[in-house]
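Trainee: For reference, the chains in residue letters:
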Amino acid sequence: MFFNVPFQPSHRALDAAHRDLACELHQKFRGRSRYHAVERPNGLIDLSGATNSLMSDWFDRYTAAQPSLNASQLMDCPSPSGSEDLLNAAAGFFNDFFHPSHSVSPSEILAGNGATTLLDLLLWASCDRGDAVLVMTPTFSMPDMNLRADITTIPVSTAHISDPFDPSAVSDLIRALDAATDGAARRRGVRCRALFICNPAALQGRCYTLKTLAELAAWCSRREMHLIANEVYALSAFGPGSQNRAMASVSDPGQHAPSTTGFTSILSLPYVGGRPPQNVHCLYSLSKDFGMKGLRMGFLVTRNSSIHAAALKARYDLR
Amino acid sequence: MFATGLLCQRDLLAGYLVKYRQRLTSAYLTAGGALRRLEIPFALAYAGLFIFVDLSQWLKYFPEQEDDLWSPTPELRLCEWLINHGVFLNPGQVSDK
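For the record, the sequence lines run as chains Y and H.
Here the first sequence is numbered in my numbering, starting from 1 and rising by one per residue.
Here the second sequence is numbered in my numbering, starting from 1001 and rising by one per residue.
Be aware that one or more of the hints could be misleading.
Distance ranges between label pairs, derived from CB positions [as the list claims (entries may be wrong)]:
| id | chain 1 | residue 1 | chain 2 | residue 2 | range |
| --- | --- | --- | --- | --- | --- |
| 1 | Y | H160 | H | F1002 | 44 to 54 Å |
| 2 | Y | F7 | H | H1085 | 24 to 34 Å |
| 3 | H | L1059 | Y | R186 | 26 to 36 Å |
| 4 | Y | P67 | H | Q1065 | 51 to 61 Å |
| 5 | H | H1085 | Y | P67 | 43 to 53 Å |
| 6 | H | M1001 | Y | H160 | 24 to 34 Å |
| 7 | Y | D15 | H | P1041 | 32 to 42 Å |
| 8 | H | H1085 | Y | R186 | 43 to 53 Å |
| 9 | Y | K293 | H | L1035 | 18 to 28 Å |
| 10 | H | L1035 | Y | S168 | 19 to 29 Å |
| 11 | Y | D182 | H | M1001 | 44 to 54 Å |
Simulated from the structure, these hints should not be mistaken for laboratory data.
Think of the CB as a built atom: it goes at the ideal place given N, C-alpha and C, for glycine as much as any other residue.
With the hints as constraints, model all of the structure from the sequences given.
Mentor: Rendered as structure tokens:
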């Protein structure tokens, strides 16, 4: 008698459906035709996602020059962490472009279907059910950390800080983080287990300095938290020379131009006790800097071999 | 396979980044310049694919309507108005939950 009666989703699925405003907006308007200069000039200009189409011509030429696929490339099953070739290539990429304090080795990398998937995996491996993650706001729409990892998100507003990216503001950031952490414990009975930052920051388009990153990492260490840096815009910082020209060109004469700083990766944090920081984790993907959202290629870099092993095990079981 | 091949070619990627950053800077100058001419406040940026604009002075045209269950806040009503007039921006509510 139940063949034609659809079962409802789980309670947690129904609950999650109403939590994501960004998703609701996209769902409501997904039927609208998107703008195309020739085919749909009256279409909707969708600036809701950070889509990088600046180098499509470069990729047209690059992909046209690539050899065709063969069947074995599609049928061979890679390691859960990614193929050896991929991890070697990724390690070289991080070492060349992220300037880590300690060379990234392939064994410190986990490849996956995008940064969001790897974030979910990292949270599952590093936080227990009911733990909380601090997220400084404003920020771009966050993935729902409660969805599978069952993590509470604690927003930490930085709106009261005139320039949260200036190194002089780090004490203000720490005060806000302390207040949020203690408040979460006192009012909600949750343990904050990680601080999640975006570097460069999505919305503000600003980079944290090494000093700020080091202070945040030290604070996390004192509070026994992981520091997770989403660095998906790592290579989208304007070049040093062009920064000043860009700022001078668009600055309001009455507007104080904030201090400029190029990108510094969380991987640049210096050694502590003879080892690279163990509880600092870097997420990256090819979706933003290279505009390849469809490729679904993300990387987690962590020096913490236990966390890496736990995430790898979960990845194996989820294949 | 594709990602492996691409990430291995770091000289090629270095060249990509030079061109990419030139275009990104140019795009930012275009957008920032237009926002300035239209007197729309925005936060100066040095990275990324976005600009954080302040449309709060236009919220007064979208008073709260308690009976509109979909767009209960002026910000969401402004967002929907913009969509209906051809541009989809992320409202600030999405960014500060």
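Trainee: Tell me, in ascending order, the numbers of any earlier hints that this structure violates.
Mentor: The structure breaks hints 2 and 6; every other hint is satisfied.
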